[in-house]
Every structure is written in C-alpha cells, then in structure tokens.
Amino acid sequence: MDFPLLHAGNRRVFLKGAASFMGTTALASLMGRAAEAGGGLHLPAKAKRVIYLHQSGAPSHIDLFDHKPAMAAHQGKELPASVRMGQRITGMTSGQSAFPVASAQWGFARHGKSGMPLSELLPHTGKIADDICLIKTLNTEAINHDPAITFIQTGSQQPGRPCFGSWLSYGLGSTNENLPSFVVLISQGSGNRTDQPLFSRLWGAGFLPGSYQGVKFRSQGDPVLYLENPAGLTREARREQLDTLGELNQLTSGALHDPETATRIHQYEMAYRMQASVPELTDLSKEPQHVLDLYGPEVKTPGSYAYNCLLARRMSERGVRFVQLYHRGWDQHGDLKNHLPKQCHDVDQASSALVQDLKQRGLLEDTIVVFAGEFGRTAYVQGSISNPGFGRDHHGRCFSVWVAGGGFKGGLVHGETDEFCYNIVRDPVHVHDFNATLLHQLGIDHERLTYRFQGRDFRLTDIHGKLVGALVG
Amino acid sequence: MRLRVLLILAIGPAVVLRARAAGPDFNRDVRPVLSDKCYSCHGPDEKKREAKLRLDQPGWDAAEVKARIVSTDPDEVMPPPKVKRPLAEKEVAVLQSWIANGAGYAKHWAFEVPRRAAVPEVAAGSAVLGGGAVVRNAVDAFVLARLEKEGWKARGEADRERLLRRVTLDLTGVPPTVEELDAFLADGAGDAYEKAVDRLLGTTAYGERMAQHWLDLARYADTHGYHLDSGREMWIWRDWVIRAFSRNQPFDQFVREQLSGDLMPKAAREQVIATGFVRNNMINFEGGAIAEEYLNAYMVDRVNTFSTVFLGLTMNCAQCHDHKYDPLTMRDFYSLYAYFNAVPERGLDGNRGNAEPVLSVPTAEQEARIAELEAEIKAAESAGGADGERGWVVAVPGKMKSSGGAVLERQADQSVLAKGPQGATDVYEVECEVPAGEIRGIRLETLTDATLAGNGPGRATNGNFVLSEMEVEGVKLTRAAASYSQKGYEIGQAVDGKSGTGWAVDGNARHAGDKAWFACEPFRAAGGKMVVRLRFESPVALHAIGRFRLAVTMDAALAGGQGSVDEKRRELEQVRRGFPTVMVMQQMEKPRDTYMLERGQYDVKGEKTVPGVPAALGGLPEGAPGDRRALAAWLTGAEHPLLARVTVNRMWSMFFGRGLVKTVNDFGLQGEYPSHPELLDWLAVDFRESGWDVKRLVRMLVTSHSYRQSAAATPEALEKDPENRLLSHGPRHRLAAEFVRDNALAVSGLLNAKVGGPSVFPPQPPGLWEELSKREDSGNWTGQVYTPSKGADAYRRGLYTFWKRTCPPPSLTTFDAPDREICTAERAVTSTPLQALVLLNDPVYLEAARVLAERMIKSGADDKARLAAGFRLCTSRRAGEREVSALGGLLERQVARFRAAPGEAEKLILVGEAARDEKIPAWELAAWTVVASTLLNLDETISN
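Residue numbers (the numbering used here), protein chains in the order written: chain A, 1 to 473; chain B, 1001 to 1944.
Quick caveat, the hints were computed from the structure, so don't treat them as lab data. Ideal Cβ placement from N, Cα and C applies to all residues, glycine included.
Residues of chain A clear of chain B, computed beta-carbon distances all greater than 12 Å:
id, residue
1, 285
2, 337
3, 360
4, 389
5, 470
Coverage of chain A stretches by chain B, computed from C-beta distances (three or more under 8 Å per stretch; other residues unrestricted):
id, segment
6, 89 to 95
7, 147 to 161
8, 247 to 261
9, 264 to 270
Using the sequences and the hints given, assemble the complete structure.
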C-alpha cells in the first residue's frame, strides 16, 4: 500500500498513469532524480526486500559475537586508560571510580564451514553461520538510546528525518497493492523490564508524505488499526456500502473533475481488498507443522518475536518491501547474567528459522535479513564486578550485527576490534556505510535517492556513507 | 506558440508566468539553476569552494563557463559527473542565454524589502468564463491579469451552498449548519457573503482554526518527545494562541510577545505565557544523557523553528558550515542561537512534567476562590489574628552574625537586611530583645527590598531562598505554618531537623514577602534575649533570605497560625499549589556563553559569538539590546524583507491550497519563484501597513473572486496547471486531520464546542502507548497511560486531543497530522486506504454515523426527505435525484439485511457512549447507520 505518486505534488503523474500507477509509480518516483541519468534503478538490484530484526536496547557484542578469548586474562582488572582514551561515556558510568573489565560471560563455539565463533547462547544462529555476514565493526557516535536508535533508522540523531523503510517505500514502492509496502512488528523481551521505549518516529516518514510511514501490525485488536468491519456489519453489507459510496463519488468527480476524488475512489477499493489480504496474511493455519516447529514453540503466541518472524516471512513472500521488527529488552545495565540468556532465548531460534525458511523457499537470494541493535555494550562493568548483578553500559565505538541474503557474503566475519572489543582495529563500518551498502544491494545509489525539503536534497546517509564492497558478492 | 508553452511548462508553472525578450530573468530563471547545480561548490560556503570560483557573484570567465557546461569530456564538463547533478538541456539553454545577454545579477528577490506594485488593469469582459471581469479587490486584479496573459479565464462564482461551505470550513474548521445555510440562501443583499465572512471571523471557532496551523509551526505537543516521552502542560499557551487569533491581535505584536513577552516592560501574565512558543521544543531526561548535548539540541531546534516560521529560511545547514545556497553563515546561526541560550533551564529535565522555568497560571475558578479567601483573611486580620499586629510583639534585633560573611543591617522597622558577600551556605544568628512573659510562638516575616535581585525576598538571582532550618536557642519548635510554600519546599521542612530540605516561596514570581509561624513549647527569654538561627544549608546554594523581621506572641491561639484564618491560609496555599503551569522564557542575568560549534558538535567549541541577526537580512540598529527584544523588534520592523511575505504566503496557502511561493518554508535561493510575485509583495506591504491586521488580510483573501470561483476545473487547466497555481478555478482540498474529525462530530450533533483547557483523550484502540513504551516503572512518569475521556470530553475538537509525540493520535496522523517533534510548516495531503479504514471503522466515526442516523430519521416523515436531510448536513448542498436514489437503494438493502438479522443490528448500534432513542427499532437504526456512515465517507463530506 504504497502510493508514492498520490500525494498532491504528483497529481499530474497520477492523471496520466491512473490505470497502471501501482506498477509504475515506484520506479517513476525513484526516477525523479535518476531519470535524467537514464532511468530505471540506479544499479542492478541484488535484493528486492528487507526484513530488519532490530534488537532494541542494544545487545552485548562482547558476550554474543565478538569473540576475544584473551580478554579473560583481564577479568576484573581496570580497563587500561590507553584503551579508553578518555572518550566520552554516558552519565550512568562516568561517575564510577573504577572500570573493571568483564570478559564474555559465556563460552563461544565455532559453527559452519566458515568456523564462525558465536556465543553458546546462540546455538540456533550457529546453524546459519554460513549464511550470515557478521560485521564486528559497526560504529555510531551516539551514546544513548534515543539518539542512537533514531540514528540507525533515519541517519540522524535528532528527529525529523524519514526512516529506512520510508525511504525504501518512497524509492521503490510496493509490489503488492493490497498490502502496505512497509510494516512494523513489535515484541517485548523477557530480559530488562524497564527497557527503552520505542517511538513512532522510528517508522515515521519525516518530511516525506505520511503515506510512506510504516504501518504497525498489532498483536492486540485489529492487526492493522481499524481494519475489521464493525461487529454487525458483514462484508457483503460493506460491499453494498462501498458501491453506493463509489457511485456518489463518481458523481462528484463528474461535476468537479478533481483528480483527488478519483484517487479516493481507488483508495476505498484498496482498503476493501486489504480487509481480505491482511487476514489471509496473518492466518497461520496453513503453515505446515515442520515450519512452525522450525520457529519454536512461541510461534503461535501472537506478538511474540517468533510469531513476528513468521509473519515477516509471509509478508516478504507477498511482496512487502520492508518489514521492521523491534524486540525490546536488551538494555542490560544490570543483571546481565540473568537477562541476556532470556533475551537470546527469545530471538535465537526464530531468527535462525527465518533465514532457513527464506532459504528453503528461494527467497533469501533477494531478501536482506538484518540483525542489529543501536549500539554495543562496554567491556567494563556497570556497577561493581564483585556484584553478580553487574551489567554493561552503552558502547557505540564498535558493535556487531549480522546480515543474511540479498548478496551479502555468508560465512564472512568482517572487521576487527581490539582485545577489549572496545576500539576498532581494522575495517570500520559506520552506520552510514552500512545503510549505503544495504541500499546498494537494493539497486539504489544512496547519493541519488534524494528528496528536496527546505531547499536541500536530503538522503538517508546525509552527506556521508560509502559502499563497503567487501561485504557483498 | 503552443510548442513554446509546453516546453516551458515542463520546467514548472512558475516559468510560464512572464516571457521577456531580453534573455532570462535572473531571479526567476537563472538563479534556481545556479543555486541547485553550481553553488554547492562555487557558492557562498568558502570552505567548500572549488577552484576559487564563485558563481554567486560577477567576476568570472564567461567563455570558460560557457564551454564547460556543454563539454562532452567527463573531465571538463560542469557540474562534474561525480557530483551527480547534471544540467538538464533546458537549464543549459537558460545559462547560455543568460551569459549571452551579459550574465547580469540581481539580489535575491526575497531579500529585497517588498514594495507595493501598481494594481494591474484588467480588460473588462474577458476574464471570467461566461461573464465580465469580477475584480472584487486587488487580489483579483493580479490573478486575472495573470490569467489574461495566458489567454485563460477564471470561473464564475461557485454556487452559494458550496461557497458558504467552503468559507465556513476554511475559516472555522466546522461546516455551516442548516440554519446558517438557509439564512445565507435567503439573504438577497449584495453583501450577503461579506456579512457571512464577518460573522465567521467573529467566532471563537475561527481562533481555533487559525491556532491549529500555528500549533504545527510551533511544534506544540503534550509530551516531551525524547525517550520516555513523559507529559507536559502547554495548553495554557495553546489557549493563548486561540485567544490571540480570536481577538485579532496585530500579527507583529503576536510575534513579539511569543519571542520576548517576558522581557517587555511590566510584562503582563499573558505576555509571559506567549513565550511558551520558544519552549515547545522537545526535552530529554534519558538516564546517562549529557546535559550540554541536549541544551545544544534545544537551541538548535529553536533556531531552526525561528528561521522556518518567521524567515521562511532554513538555517539548519549553517549549524555545521556556511549555507551552501543562501548568504547565511555559520556565525549567523550561532548568533541567533545566542539569543536563546540564555534561559535558566537544565539540559536534562521534565521527568516531573513541566521543566523550569515555568509560570503558574490560575484558572478562572481558582482566581475566584483566591479572591474570596483573601478577602476573608483580610477581614479576619483587621479583626486581629495570626497575621495582624494585635497580639504580636516585634523582636528587636541586637547582635547579629552571618557565617557566610553577609552584613546584617537593622532597619528602621526592626527588620534585618542582608548585604554584601554571600556564602554558598549561610547561617544567620540574631539575638533579639523580647518582652518578659511566656512566649508561645514566633513569627518570621520575609520582606521585599529594592536592593535584592528582583526585589527579593531572597538573595538568589530569582529572589528566592531556601530556609533549611529555623531554630530558637533552647526552645523546641512544635509546629510550623506559612502563608505560602513552593511545591516540594513546604514549611514543615524548615523544622524537620534535616539540612537537605527547607522552605522556599517561588522567589520574586510572587511579588511579595511571605510569612511563617512557629509554635513552640512555652518559654521565657532569659534576660529578655532570644537567639534565633536561620539556617540556609540546603544543597541549593546562595539561597539566603534577603530581608526579614521576627515577632513573638504570648497568645497560644495565635502561635501556630491556628484558627479559622490559618485554615483559610492553608486552603489558599492549597489552591495556589494546584495552579497549572506553563513553560515560559526567562532571561538569565548572565547568559551562557555561546560558541560556534564545529561540525555542529556540542563539545567542539570554536569562536565565541554574541547575539545578532544575519547580516544579509539587514543588521540591527545601533544600541539594540543584546537579548530577544532586539530580535523581535528587528523581525517586525518595516524594513524586514521576509516576515510579512512569509506570513501572507502562509495565509494564502491556507485558503488557496498552495502558497504563491510554493515552497512555503523556503524563501531562500533554493525556494521556488512566486507564481504572482507582484501580488505577494502587494499583500505583504498591505498587511504590514494595515497594522498587521490578520482578520483584514484573511477577509481580503476569502472575499476575492479568485477564492469564490467554482472549483470545477476545465480539462485544459488540469492538463496545463494541475496544481491550479494560476487560479483558473476555485480552491478545493480535503480537510485537515483535525477538521475531518470536527466535521463528522458537528454534522452528527456530537461536537462539544467547549474552548480550551487541558488536553483530552478521545477513545483510541487500547494499548497503543503501552506497546511502545511499557515498563515496570511506568507509574513513575506522566504521560504513560492512555485513559480515555468520558462524557462530553470525548467529543471535543481535534486540536484538543492529547498529543503524545512518540505515539500521536492515530486517526489524526493517518490524515497527515505531524508528530510535532519539530516545526512543520506544511502538511502533505495524501490519500491512502488507511484513511478509508479510519472513516469506515473507527468507533468515533461509527458513533457519529449512528447519531447522525437518528438525526436523519427524526428529520422527516419519509425516507426521501430523511436521506436528503442527511445529505445536506454532510455536504451542505441539496442532493440530486440520482444521489437520493442511490442512497435509497442502499437503505433498502440494509433494511432487508438487518430485518433478517436483528442480532447483528443490535451489535452494530452498540457503538459509542452517546445515548440512543430506544423507540427506534434496532434494525431501522442499523440500516440508517450504514447510510449515515456512507455519507460521512463521501469525498464531498471531507472536502471543503
């Protein structure tokens, strides 16, 4: 349900292409800038869609992905000043008198042909080691949740910019006009129960027209707000109502010739079709048992991470461009040892299942799956190392994410951090670089997907970002 | 000729506007190309300038430039391929022609002071389809002259019903009532329409409608926005905006008060409230965040908002470097920044609602109660009492000392005045003479004094103090009462034995001294001497009392301030404590230093700056004060090139759907050239010269023929001018989000027209807030739980809906309402299936349909009359034959359905809390509800 050309500014185009606009808008819109250069997508596209598994609160890269066996020797010792280099840290630990190192609290094992080391808390992720590209050197300037999560989603720490999914809707539109092109799914983690809130700006369209914002699919009430007909009103009655509405609106259209009226008639028909296509989408009854088993026992609980992962696959199959999952609960300032296993248990099996499931269906080739938080966590403890309830503070100088499908190299471990998982030693990937690379795989030159607002051509990567060629085939 | 027109249209309608022989017009044709394609490397930003070449001013090699822009050599061609901004063929042609004609420059049009152009003559009999020219005012002369040039004609006047609907919705956000329609149709006077406009301009609904737009610009919301997004109270400011528009406050005054009302001489409460505009920015208190970083974010937001709202310019580029297109420097940005960087606010704040500085504003009820109580207390006092002189003996101060080094001076009235140095903490020790006899209580009066900051009574810069402990040597104080205590600093804390807490009184905001009474165990002063210690040892440093007087009483009844007077006092304090507050501006005595921040980073400080305005827009007069007063005066001065233009353009856009300058938020070099430049300037000058009379401007716009035309477009107009920039037909648009709601509530009769007050919580699907932010500790914060309003508050106008920034009201945002995190100058107008779902299925609209159904049923004896009545309520016009028959068919089918399924009918009409007339059978009401819902969904119902 993406209508790049339906906002008032593009009325003219709609007039010309009313009959076929859903098929052509996407490209035409992108070509707003690209047309002069020859038309079509900027680049050959490796991927058509994205499933973004955002781990809100920021998982510990030290305990899960960035294996540093030598760090154990520093357990409990002060983090050397030469490592910290006086960099700014959050107000939650800046007053601490000591910064003792805590090495990974769980063991690591190697997986797949690539021998990718992963935490013992992620056994299922191990099964897809050869499908995922593990980046250990993502980095961000932000040190707090609000700015950091806003940054990774919109390319700016401050509010006001469109998010990744909105840019994609604007650029590429939808391939299924009976579903939104950009969907958001939210689940609550079982770890930190005083975890970070989410904000609608994270799936907001910023200065782009509101039709590009993400549509939240909910586990409570209607999956899409106001989707279902009211109690007492059958689909047949609704059809009759819409027929009359259409007839009356046609009369208005004939009298005033306002193209908006014709558009509105079309939108009501799409709404009616959505009322059928969404329930079909969320109906898991025809999923075979072995697929349900793959995702784990939680898959049948609406609103769980596993349920959302399965929905994400079904959405991708049906042409939804961008599926954004948020899983909360990763903010382990305290009680790391208790919370982290719970969070991993929430997401490990289903994330792995999603990749396997997409692969079995031949969808992984042109679907990008991203698993990322907004930053990482510190090598030093928050609290006292002698207190078993210690945690880790925020750390943006390096963190680990993985990407599968869409031409990203499976089995690759990219970049290297120092022995404390604190600073980057080799091959940094800034958030802007990461987003530029994701767009590249979708056939988009990040410098040319622009929108003119207040006299300036804005883009997701601001004035930064470069393709990280090593990540992709 | 035809070919030429089409070619030019490809660039955009603005270019069609005039054709001249002597090469392209620099402002209109050339600068946009240079700005868009060349200035980022060859423009005003010195740091990014390539090859030392500036194309934003003369002095370059024409032959070279001419050759480079057409070169086919990728190493030669300009702009270079790597910047990915190639010149289009037509742009090359424009530049070539410009260079061939001498490459002349002109100052950017929007930076020139507007001058009133001559109103053009329009040839009679040619301008309107099927009729003579209708030039009702200057607006039409400009619009018709422009159409005439194109060889086009305007339309005749819209039919009267559609016209009254259009102007009523545009001016008030609610539709005309049937009575208003009938009265208008019956009024045969030549000025019937003008009278209707005047009536509408006199309604409060007009003020609400105008406020709705201003709230977007001012980023008004009911929560702080960042992180936990807890609640705030800014509705007092919102109501001020409604009042300002309703009473037609001159716009320049409206602007000055919002920017600097607190600094005006003898600032009235209303003027201080106005400054809430500046404080509407988002606020953060995320644990671990760095205060300085967020203070910077607030100032940046204020500069950006200021620039967009008042200058129609985008300053945000200049946060990190000189502007690439406009003559705005990084220094300009931080000079504006410095004006705002002088509020005594904390970088991290807002966890308990409003963040300092705030103003307490009593409601009308509270004010009435206070007047009552004060009168009663006064009456009681004159009869003697705790506060009167009878029964109290002033303690005469003798030896005094101050641990903080203050000089304590006895005054003629036996009060003590503190002067000289002030320690971070202080303890005053006063030995005073008291009469013999058994003392039962001590009274402490705090007094104002001209030598104290803001007259005191405290020595803090805001006139406040914190008395951490009150002690009388050798005497136990048993109870304490005060005429007033600041929230969180109650009088009891001055006798709790804890130095960390204390009594405070909101400083000079109260413009008076306050008193405290301490009852004690009876004692006799040895040798007639009593030693009192006033301790100021709380963590709030530099907060000693500036002037005070002590007294004692032997009368137990007076001692603790007991008695009926005291009770009244307590209630008075209670009422005062319950005052709602609003965040406002305040000037620090010593503003923070402002630095240019490299790359905009808060912690990378460059050169220091002082408050100032962008040089390219005219400087400040000699001797202008270094605070916001100067900024406001400069902005509203007669020579300012932008404020009037930007404002009239925005008003134009409100009523005509698009600005004369389409980029309403960008009047800079990258902005679009006006469709009617002379008209824009004429309106700007006229607006300013009229004394910035907003209603007069609005009246001129909506009484013009250009506005009153029929909205029916010709195929030619749709093809060549799809945005109707030239106004060959009247304006038509979907209603703004809030008015979509108001309209449905109004036609059903559910609308509660109450004006102002705290924001309300109309029904919305449960769990929307919680799914984003639920935490175990949510109860600690405001604005975390959505509790739907009951009764009449559920039917208030959309602009009173509680606006949570991280989860704004979904039925409004679906219709393009912004989240209000930052300033929004223009809402997109989209059309989506989600909008259809809201209007069809949101219980708010279903309830409106059910109530409208009942209204229809009761409106006439037969179905046809009822259907016609409903149609007219919703569209303001009489239904045609085909319309009635289509609705009749629907009704018939629904009656059949619900008669056959009465249980379903019962379910459908259960929606909403509004009472229903049980005499109407369920099947009938349900069938009519479906019909009413159809009417509420009509394109015409949600359009003006």
